[in-house]
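Student: Listed here are the chains, written in short residue letters.
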Amino acid sequence: MKKIILFALLLPVMGIAQEPLDKESGYFQLGVRNVISTFNDDGATGFGMGGQFRIRVLNRINTDWYADYITTDIGGLARREDVHLGWSVLAYPFNYHTTKGKITPYILAGHCFDYSKVTTNDNGFSLDKFSSAVQFGLGMHYNITDRTDVSLTAQYMMHMGKDLHAEVENVDGVKFVHIEKNPVRGIEGHMLINVSLNVRLFDMWDQHHKRKKTV
Amino acid sequence: MKSKIHDLNNFKNKVVSKTKNLIILFVCFSTVVFAQQEHTQYIHKHLMRADVSVVGGYLFKEGMKTVHIDGSAEYYLDNKISVRGSASYMLGSNGLTKDSIGLKDFHSIYLGAAYHFPTKGHFDPYFILQPGLAYTSSYKSGPPALTAEDEQIRKYYPGVLSPVATAGVGFNYYFQRFAHLFMETRYVYGMHLSQAPSPISLQELRVTFGLGFNLFIMKEKKKLPTA
Chain L
1 MKKIILFALL
11 LPVMGIAQEP
21 LDKESGYFQL
31 GVRNVISTFN
41 DDGATGFGMG
51 GQFRIRVLNR
61 INTDWYADYI
71 TTDIGGLARR
81 EDVHLGWSVL
91 AYPFNYHTTK
101 GKITPYILAG
111 HCFDYSKVTT
121 NDNGFSLDKF
131 SSAVQFGLGM
141 HYNITDRTDV
151 SLTAQYMMHM
161 GKDLHAEVEN
171 VDGVKFVHIE
181 KNPVRGIEGH
191 MLINVSLNVR
201 LFDMWDQHHK
211 RKKTV
Chain U
1 MKSKIHDLNN
11 FKNKVVSKTK
21 NLIILFVCFS
31 TVVFAQQEHT
41 QYIHKHLMRA
51 DVSVVGGYLF
61 KEGMKTVHID
71 GSAEYYLDNK
81 ISVRGSASYM
91 LGSNGLTKDS
101 IGLKDFHSIY
111 LGAAYHFPTK
121 GHFDPYFILQ
131 PGLAYTSSYK
141 SGPPALTAED
151 EQIRKYYPGV
161 LSPVATAGVG
171 FNYYFQRFAH
181 LFMETRYVYG
191 MHLSQAPSPI
201 SLQELRVTFG
211 LGFNLFIMKE
221 KKKLPTA
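Protein chains in written order, with the working numbering: chain L, 1 to 215; chain U, 1 to 227.
The hints are simulated quantities; they were obtained by calculation from the structure and are not laboratory data.
Only a predicted model underlies this, so the values are computations on that prediction, with no experimental measurement involved.
For each residue, glycine too, the CB sits at the ideal point set by N, CA and C.
Be careful, since some hints might not be right.
[To be verified] Cβ-Cβ distance ranges computed for the label pairs, FRET-style:
(1) U:F213 with L:R185: 53 to 63 Å
(2) L:W65 with U:K98: 40 to 50 Å
(3) L:G186 with U:Q41: 56 to 66 Å
(4) U:H46 with L:W65: 20 to 30 Å
(5) L:Y142 with U:H46: 49 to 59 Å
(6) U:G56 with L:F202: 31 to 41 Å
(7) U:K104 with L:Y115: 22 to 32 Å
(8) U:K98 with L:R185: 41 to 51 Å
(9) U:V52 with L:Y142: 44 to 54 Å
(10) L:I36 with U:F60: 13 to 23 Å
Based on the sequences and whatever the hints tell you, model everything.
Tutor: Next comes the structure, spelled out in structure tokens:
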């Protein structure tokens, strides 16, 4: 009985072993993106732009290295600027072939370093902070051609650092903005949705793939 | 005398008839050549194009008109996808927001890709998406000058970087080996946030057309038929 159970558990491993090795790995992609930041503590929605490059290390594992610049309007009285520099690991649990017309869903998780600054519009008073964050989410690639894809990602980013936020208060019909930075470190989160265009430029492991073909 | 006039008329008729036949032959030949062109898509990998043009814009949320000078360079990865980089410099704007805020600078760079719809011939319609970054600055306009000698007082605010995105449709028509006509309309999205009392929406509709230049930088490798 134990042998039957062990054999049943090993069956999926045999299935994965049948996949062609390294066929999709080694690709270098470069892309640009636009970002929407929602569910912020301020309650405002930010808009940004950025870029990324991807290095696919295995058939089912890709890495994404990105930079974003996001601005947010806080009630017309203050503005927030966020800079993200980070990386994510993308895992493809279903299909992993990136060919024309294919939709390739993925799960992602990663880490980033951030800089945030909130400035009042009237007198230019500002507070800023550096922090670190972790992110996780879901996404998908849609391949317009074999080498070009449009990717849509939704991820939740949790910042670990001193909380920095702005509050808009209404006193006798007049709006005021109050910026504060909490001296105690905590967790501050928001949702990021990004749409990116990516182009596969070259195969980093071209020689490795050529050698495998000649064998 | 009458015979000479008759001969002259015959000669004229012959010339007119021959001219008509030549014109008909020329037109038919032209359509044959044109028909040959229409079966083959002109654009393919390794095509590079560039253009500089004047762009008219309208910030419809703020009711402002703008004029930009725009330059772009594009490289075709294949006959469906090209990568384009663009830069835009605002020459001037007309109008103020409801809070008397005007737009002094709106200069931007964009990088993105265009999808080219399949066609047969030299007509090349496309859809383009480009994220970008803009340098924007604004000013607050003071009360109108009371006399011709007085200048209207303006308070200028420092410039800021504003993320933008643009989507557009257009077409190129490659009528020459090194030149083409183009026309494009696009929508720009962004927000100018600065020390000004209120933000300025950068949502804009832009239209441009003109003459561009193109070159195939490499010959496309033809696939040899397999035996």
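Student: Each of the hints needs a verdict: does it hold here or not?
Tutor: Evaluated hints:
1. Checked against the hint of 53 to 63 Å, the C-beta distance between F213 (chain U) and R185 (chain L) comes to roughly 57 Å, which is consistent with it.
2. Distance hint check: the CB atoms of W65 (chain L) and K98 (chain U) are about 43 Å apart, consistent with the given range 40 to 50 Å.
3. For G186 (chain L) and Q41 (chain U), the hinted distance range of 56 to 66 Å is satisfied, since their beta carbons lie about 58 Å from each other.
4. Separation of H46 (chain U) from W65 (chain L) is about 29 Å and conforms to the stated range, judged on CB atoms against 20 to 30 Å.
5. At roughly 25 Å, the beta carbons of Y142 (chain L) and H46 (chain U) sit outside the given window of 49 to 59 Å.
6. A C-beta distance of roughly 40 Å is found between G56 (chain U) and F202 (chain L), which places it inside the suggested range of 31 to 41 Å.
7. Taken as a hint, the range 22 to 32 Å holds for the pair K104 (chain U) and Y115 (chain L), whose Cβ atoms sit roughly 27 Å apart.
8. A hinted range of 41 to 51 Å for the beta carbons of K98 (chain U) and R185 (chain L) is consistent with their spacing of about 42 Å.
9. The hinted range of 44 to 54 Å is not satisfied by V52 (chain U) and Y142 (chain L), whose Cβ atoms lie roughly 33 Å apart.
10. In this structure, I36 (chain L) and F60 (chain U) meet the distance hint of 13 to 23 Å, their C-beta atoms being roughly 21 Å apart.
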